[in-house]
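Q: Residue numbers (our numbering), protein chains in the order written: chain X, 1 to 355; chain Z, 1001 to 1348.
None of these hints come from the bench; they were simulated from the model.
The reader is advised that the hints may include incorrect statements.
[Stated by the list, open to error] A few chain X residues that don't get close to chain Z, going by computed Cβ distances all over 12 Å:
{"#": "1", "residue": "T28"}
{"#": "2", "residue": "D42"}
{"#": "3", "residue": "T70"}
{"#": "4", "residue": "P78"}
{"#": "5", "residue": "K94"}
{"#": "6", "residue": "F108"}
{"#": "7", "residue": "A176"}
{"#": "8", "residue": "P292"}
{"#": "9", "residue": "V344"}
{"#": "10", "residue": "F347"}
[To be verified] 27 Å max Cα-Cα, derived BS3-like pairs, lysine-lysine:
{"#": "11", "chain 1": "X", "residue 1": "K351", "chain 2": "Z", "residue 2": "K1188"}
{"#": "12", "chain 1": "Z", "residue 1": "K1155", "chain 2": "X", "residue 2": "K323"}
{"#": "13", "chain 1": "X", "residue 1": "K351", "chain 2": "Z", "residue 2": "K1043"}
{"#": "14", "chain 1": "Z", "residue 1": "K1300", "chain 2": "Z", "residue 2": "K1240"}
{"#": "15", "chain 1": "X", "residue 1": "K323", "chain 2": "Z", "residue 2": "K1043"}
{"#": "16", "chain 1": "X", "residue 1": "K94", "chain 2": "Z", "residue 2": "K1155"}
{"#": "17", "chain 1": "X", "residue 1": "K323", "chain 2": "Z", "residue 2": "K1024"}
{"#": "18", "chain 1": "Z", "residue 1": "K1127", "chain 2": "X", "residue 2": "K351"}
The beta carbon of each residue, even a glycine, is placed where N, CA and C say it ideally should be.
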Amino acid sequence: MKTVMRFALALCGATALATAVTAQNAPTINFDSAPNTLTLPDDVYLGEVGGVATNSRGDIFVYTRTGHPTISMASARPFVHGGSRLFQFDRNGKFTREIGQGVYGFLFAAQVRVDPQDNLWVVDEYSSMVMRFDPQGRVAFLLGRKPESIQNPGRAGGGGGAEGGGRGGGAPGAGAPQDVFNRPTDVAWDAQGNIFVADGRGNARVAKFSKDGVFVKSWGQRGNATGQFATVDSIAVDAQGNVYAADGGNQRIQVFDNNGAFKTEIKSVGNAQAICITPGANQVMYVSNSNPPNDLDNAGEIYKMRLDGTIVGKFGRAGKLLKEFGTVNAIDCRTDNVLYVGEVGNFRVQKLTLR
Amino acid sequence: MTRILASACAIVTLAAGPAFAQAKATIAGVPEIPFTTVPNFLKLPPGEYLGESVAVATNSKGNIYVFHRRDTTRLFEFDRNGNFLREIGKGYYGFEFAHSVRVDKDDNIWTVDEGTNLVTKFSPQGKVLMVIGRRPPAIDGPVIAPAGPNPPAQKYILCRPSDVGFDPQGNIFISDGYCNNRVVKYDKNGRFVAQVGSEKAGNKLGEFNLPHGLQVDERGHVWVADRTNTRYQELDNDLKPIREITNLGTGWTLCISPGPHQYIFFSNSNPNGNPQGSWENTGEIYKAEIDGTVIGKFGKPGKIAPGFQVVHKIDCRNPNELILGEIESWRVQKYILQPTPARPSAGR
């Protein structure tokens, strides 16, 4: 608690607001969801939405698990291909184009984010790659390498990694001091362009790289102690360079300074599977307490909070109708009160306007 | 090795014998219904083919949907005369291994995919409106049939679902399926309401062993083809069992016609693989009043049309013009039945 307070004071000079509002008594934020946010061509279907993001022009990018993930037979290795696609829409939701059709690393959509230069960053959980496309849609920069032969992990293990351990050895989930990921989930940048990768669900660490892709350091391993993660499901960086790592499996968001020193944790918002910090001067964070796919009768709401962890309000619940959410995996919050939300369960993107 | 094969064959043969005895319908004295068929009913564009045509349904305009297993699972739409119109859901994440397609009263198209464990509601225009269940994530690797008992059934996760139906209020009923052994009721918004049966197979009333087909009548009663139990069960709208029907053979699939006078068609489908003796004992379809009184039968197995090769789904929007989807012949047939005299006392 002391740490929370110190952090709150340091960050925005706030006083003891952090405990005034709890998840239970948080005010409800009224909001609308625009029907038919995206207009799809007849032969294009969204599947589970891993990521949704907008660029500076308002174009919308959706990275979705669709088509057919396939393991080829009768070759020297079980080669895995297909299963995810990246679509672009204009600001009105009209389909513009597909990017990366048939590219080597598109298997199981985890996330798409757009950086300040309008580059697209695509994170794939199964190929364990972070792929940067330039605004024209060309592959420009890669972190990670798709395993040559994705082992059949059985139903218990993850894609490509040793069971429970860090790919590359070391402490469980700690990974190796390089850009070899195991089920990465997300990526973020600080103002200097340093890259932070949420790595993820096979590993359980945050990996930092310079803007040129030089490994700087990583921190975290599997566990529930301070600085450890059950999973790193989502990541965001604020204007001061603090790193917010959503540790959904431990029902918390951990906050670190730019070099990975633990600052505080935010524990009040459940299974933080998707987080987004708004740009601009008065930053706020949106956090989804995403329902697991097997339960639509609990959780599912999204919280709006200050960066010190104070809850401003909440909205929505699990379900299949508009204004209900089916396992939110992505939030875009480029504009303060207009959100794009990507859902695993409902194969859709909703455009929300908060009132 | 030879010995192992020989033993395996012996076991299969032993197992197959009694199953067929059971599969033979024990009902007697049912009159034959005369019928004609429309040869080469569905016209495909050059280069297009049907695969295992496990599911057919029509909408209110008479357009025909065929959900079939080809290179991947595909959903084709034809007009009422059998001319190809379009494909819906090409590359859709919820299509892997077709099992059923049904059309609701608002002409929405519902697919049941046994490979992805997904039930999908498409608008009449072919846009996804609702998804029930979750496809096993690719990142978890191929699904291996687990040894031992099925894991507990979950409210919102299906396990090889087989069919879907709707009551007049729009509640959704799903037969689930090949690994779970239950019927689930959701409200029209996809929220879980109730289930009967469980992950465990059983043969008491309200238990199932491969619930394989499902339809809901105008009273909201739910009819289930309980395949491995070689019977049909009738449930009320709250899924409370009312009765079983055990004398109509394999219990493979059924269809209930709409309107003020409803009929039920029960298919004693010849089983997959055409095992020895099956053509003598199975293959016919029964027509019954909604109270279960059987009033006629027609059809028999055969490789050549109008024979049946495992009738898997029946469309009976018009009870005198049936459209039949078959697994092993990769075809869809249209049967025109001679109307049966109405029995006002039995129908409603």
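Q: Next, verify each hint and record whether it holds.
A: Hint by hint, here is what the structure shows:
1. T28: holds (20 Å)
2. D42: The claim breaks: D42 (chain X) does not keep its Cβ more than 12 Å from every Cβ of chain Z (closest is about 7 Å).
3. T70: violated (9 Å)
4. P78: Given that some Cβ of chain Z is not farther than 12 Å from that of P78 (chain X), nearest at about 9 Å, it is violated.
5. K94: holds (15 Å)
6. F108: Non-interface label on F108 (chain X) violated, nearest chain Z Cβ at 5 Å vs cutoff 12 Å.
7. A176: At about 20 Å from chain Z, A176 (chain X) clears the 12 Å cut-off, so the statement holds.
8. P292: violated (9 Å)
9. V344: violated (8 Å)
10. F347: Incorrect as stated: the minimum Cβ-Cβ distance to chain Z is 5 Å, not above 12 Å.
11. X:K351 / Z:K1188: Cα-Cα ~23 Å, so holds.
12. Z:K1155 / X:K323: holds (21 Å)
13. X:K351 / Z:K1043: Violated, at about 42 Å.
14. Z:K1300 / Z:K1240: The given pair, whose Cα atoms are some 34 Å apart, is violated under the 27 Å limit.
15. X:K323 / Z:K1043: violated (43 Å)
16. X:K94 / Z:K1155: violated (35 Å)
17. X:K323 / Z:K1024: violated (52 Å)
18. Z:K1127 / X:K351: Holds, at about 18 Å.
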